[in-house]
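Visitor: So the chains spell out like this:
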Amino acid sequence: MTWHRGFAWTAAGITGVVLCTAVWLTAQDPSPAHQLILAAAVILGVVPAAAGVFVAQDRGTGVLGVLLVLPGLNAALLFTEVLAQDVAAPPPRADYVTAASQGTWILLYVVVALPLLFFPEGRLGSRLGRWLFAVILLDAAVFMLTAATAPGPFLPPDQSTPHVLGTMPGPLATALTAVSLPLLPISLILIVVDLTRRYRASEPGRRRQYRWLTLAATFLPVTILGTWISYALIGRAGAVVAIGLGITYLALPTLIAIAVRRPDLFDADRALVATVTRSIILAGLLTLYTAVNAIAGILLSARSPAVAIAVTAGAAILLAPLGRRLQRYVDSRLYRARHAAFESIAELHRETLQARAGPEELQQRLRDALADQTLVVGYCRPASGDVVDARGAAMQVPEPLVDITIGPERIGVLSTRAPIAGELVRAIAARAAPLVELVRLRLELRQALSDAEDSRARLLRVGYEERVRLERDLHDGAQQRLVALGMALRLAQRRLGRGVDVSAVFDEAVAELGTAVSELRLLAHGIRPSCLDDGLVPALSQLISTAHLPIVLHMTATDLDEDVETTAYYVAAEAITNAVKHAEAATITLDVDVVDGHLRVCITDDGNGRASARPGSGLAGLVDRVGAHGGQLSINSQQGAGTIIEALLPCAS
Amino acid sequence: MRIVIAEDSTLFREGLASLLTDAGHTIAARVPDATRLLDAVRDQRPDLAIVDVRMPPDHTDDGARAAMLLRAEHPHLGILLLSQHIETTHSVHLVSTGSFGYLLKDRVLDVDDFLDALQRVASGGSALDPEVVSRLISINSTHEPLHTLTHANATCSP
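Residue numbers (this note's numbering), protein chains in the order written: chain A, 1 to 653; chain B, 1 to 158.
No lab work stands behind these hints, which were simulated from the structure alone.
Given the structure is predicted, the values throughout are model-derived calculations rather than measurements.
Beta carbons are placed, not taken as given, at the ideal position from N, Cα and C, and that holds for glycine.
You may find that some hints are simply not true.
[Claimed, not checked] Anything over 10 Å on all C-beta distances counts as not near chain B; from chain A, calculated:
#1 Val23
#2 Glu81
#3 Ala315
#4 Pro321
#5 Asp389
#6 Ala488
#7 Thr587
[Stated by the list, open to error] Covered stretches of chain B, going by a simulated chain A footprint (3 or more residues, C-beta under 8 Å):
#8 2-14
#9 27-38
[Said to hold, decoys possible] Pairwise CB distance ranges, derived in the manner of DEER restraints:
#10 A/Val595 - B/Thr89: 52 to 58 Å
#11 B/Val133 - A/Val468: 23 to 29 Å
#12 B/Asp43 - A/Arg495: 28 to 34 Å
#13 B/Leu69 - A/Gly640: 53 to 59 Å
All chains should be modelled from the sequences, with the hints used to inform the complete structure.
Guide: The structure is reproduced here in structure tokens:
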């Protein structure tokens with residue numbers, strides 16, 4: 001398909017050569033009028049050529065690129081010929097050229113119509129399009145033929161040129177003109193119909209491209225409006241028409257190029273709304289001006305531009321504040337999606353502040369406003385950045401998605417598969433940011449609360465289980481032994497009465513008593529290690545001495561509260577037990593120091609890692625124990641790379 | 001009297017056995033859990049079963065549940081439950097069947113009273129720990145149907 005690109009470049013090159021000729025001609029006689037013509041030629045020639053070449057770089061655009069260059073080439077040729085006539089006094093044109101060019105103005109419309117038919121893929125996309133293509137070309141040919149051979153003199157300034165191409169019968173010429181001339185606007189209208197039909201049948205991505213054409217189309221009414229202004233102010237409109245058509249000539253290739261290559265450049269709909277709003281304000285002022293002029297003409301029997309200008313200026317000042325409202329109105333009529341989305345966000349914001357709704361409804365409100373059930377709002381958790389829904393459940397947000405940010409931080413994502421312009425999605429994302437932030441904070445708060453509740457419930461359960469264990473240990477252990485001891489004594493008593501030797505029974509009883517005492521001591525240690533009576537250092541030293549592997553203790557913390565010491569002791573004991581029992585560590589280092597008002601207890605081992613706070617495990621119990629103390633426990637354990645367990649406990653010293 | 005002892009604590013079981021042997025009773029079987037208790041009673045047909053409430057396999061109220069089964073199988077077997085603390089879920093029903101006793105374990109230390117209680121239970125009577133009695137009464141009073149009547153029910157007269 002590279003020949004399409006080649007054609008586009010060739011056409012652009014020819015345009016360049018023509019423009020160089022124009023520059024050379026202007027250099028021969030650089031009068032202001034000539035410079036103006038040159039400027040018009042360059043602008044009208046270069047912009048479409050650039051747009052066409054730009055479009056042709058895309059492989060999927062077919063002949064569209066070439067078709068976009070053609071209006072520019074056409075304009076460049078027209079202006080250069082004017083310059084040539086004026087500057088170089090070229091030899092008079094051959095008569096047959098003059099005759100053949102009688103109806104060529106129709107090509108001005110044809111070159112505009114063709115890109116519309118071939119938009120956006122560079123081929124005729126519908127049956128109606130194919131018909132229109134044939135009809136327009138045929139119509140232009142018939143019209144030009146009729147113009148070249150109709151009886152009667154040619155139009156000025158060629159009225160004296162002879163009909164060198166022959167003359168067709170008068171009635172035939174009249175009939176052909178009567179058919180071919182109206183066929184032109186009819187074809188243009190049918191092109192619009194065809195575009196509308198193709199727009200409706202197209203998929204979302206293509207629809208965005210078609211919208212840009214709507215924007216291009218608005219330049220025509222703007223031109224008409226401009227003509228009206230011109231007539232009202234200076235009684236002539238030639239220049240305005242030229243400028244308006246010029247803008248249309250520039251706008252069409254430019255906007256088609258944007259539509260094809262960068263449909264998301266900015267929001268076509270928004271530009272459309274702004275253009276329409278300003279046009280309406282302008283039209284209103286102009287109507288006022290005309291009316292005032294007319295009324296003044298009747299009342300004062302003289303036209304009074306001064307009065308009319310004063311009234312209009314006054315009205316313009318009064319209208320200024322209305323502009324914003326008008327824009328919103330036009331917004332709501334022409335661009336319902338943007339208006340509805342923004343309104344729904346603003347309304348939800350108000351209701352949230354009045355506590356009548358929760359910001360979590362954002363997704364549903366936007367879905368309703370845009371009638372788009374594929375829209376998804378995701379929230380980023382502050383700590384992890386994980387994307388969750390409004391209830392805090394993890395979710396996969398489907399592409400394409402737009403980030404919702406506050407400053408550099410990504411706080412959420414917005415995703416939709418509906419045909420909404422990327423720019424609008426970004427605008428909605430920006431508007432929704434405060435609500436998203438609110439949801440995010442609420443999620444975080446809820447999570448923290450639920451964590452605290454879970455932790456409290458676990459602590460209660462652990463406490464309850466501890467009490468059950470204690471009760472069982474007491475019943476089955478010490479109490480049982482004491483009853484047995486009593487029984488032994490009773491047995492001895494009875495045997496003594498019968499004169500039997502009871503020393504064996506007493507030995508057994510004393511042994512029983514010794515066991516009961518040591519069991520009670522163990523039990524008491526489980527409730528609170530009594531070794532802590534002398535402080536954390538002796539307790540930890542004792543703990544280390546009972547372990548069966550070398551443990552290095554670095555301890556710099558002193559003067560700690562008893563509850564902090566107890567928690568620190570349990571952290572050390574559990575972590576060491578874990579390292580010895582499960583991780584098969586060879587050496588363990590235990591650091592205890594005070595950092596920034598926190599007691600840091602850090603246990604490092606060189607075992608096989610894989611430690612984690614699984615629910616119900618000893619480490620999970622530690623997390624709760626440390627959490628209940630307002631501290632934090634972190635476990636860093638990778639397979640084969642040892643484990644670092646670090647607890648930070650707030651302490652006064 | 002032929003007695004089966006079901007008690008998981010070896011210490012207590014053996015102590016109790018020597019005490020009872022010393023008092024002239026025959027220990028037909030000593031078992032450490034509820035399952036083997038049922039088998040032992042079937043095999044030995046004793047006059048009395050002394051059963052610890054908390055035993056394997058569940059370490060909850062296995063003994064009391066086994067006592068219910070024993071009662072269903074052997075209507076005239078004397079059953080004495082022993083416990084470190086009072087549990088009443090199953091005892092309410094058993095009390096009403098007779099040949100049933102429920103004592104705290106430390107009552108064993110009043111050897112004579114304990115031996116009397118054994119005798120009573122084996123011959124169809126009952127032996128309830130004072131604490132068990134007070135607990136049963138308080139349970140019954142809270143389950144008194146009249147207490148659940150509303151004020152309107154109570155004042156209404158035909």
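Visitor: Hint by hint, note whether the structure agrees.
Guide: To see whether the hints hold, each was checked on the structure:
Interface exclusion of A/Val23 from chain B stands, the closest Cβ pair being 105 Å apart, more than 10 Å. A cut-off of 10 Å between C-beta atoms confirms that A/Glu81 is not in contact with chain B; the least separation is 109 Å. Listed as outside the interface, A/Ala315 is consistent with that label: its C-beta sits roughly 81 Å from the nearest C-beta of chain B, beyond the 10 Å cut-off. Annotated as non-interface, A/Pro321 keeps its C-beta farther than 10 Å from every C-beta of chain B; the closest such distance is 72 Å.
With a least beta-carbon separation of about 44 Å from chain B, A/Asp389 lies farther than 10 Å from that chain, consistent with its non-interface assignment. Under the 10 Å C-beta cut-off, the non-interface status given to A/Ala488 relative to chain B is violated; the minimum distance is some 6 Å. At roughly 40 Å from the closest C-beta of chain B, the C-beta of A/Thr587 stays outside 10 Å, upholding its exclusion from the interface. Given as covered by chain A, the stretch 2-14 of chain B passes the check, having 3 residues with a CB less than 8 Å from a CB of that chain where 3 are the minimum.
Residue count for the stretch 27-38 of chain B with a Cβ under 8 Å from a Cβ of chain A: 0. That is fewer than the three needed, and the coverage hint is violated. Between A/Val595 and B/Thr89, the C-beta spacing of about 54 Å keeps the proposed range 52 to 58 Å intact. For B/Val133 and A/Val468, the Cβ-Cβ distance of about 27 Å falls inside the hinted range of 23 to 29 Å, so the restraint holds. The supplied range of 28 to 34 Å is met by B/Asp43 and A/Arg495, whose beta-carbon atoms lie about 31 Å from each other.
A hinted range of 53 to 59 Å for the beta carbons of B/Leu69 and A/Gly640 is consistent with their spacing of about 55 Å.
Hints 6 and 9 from the list above are not met by this structure, while the remaining hints are.
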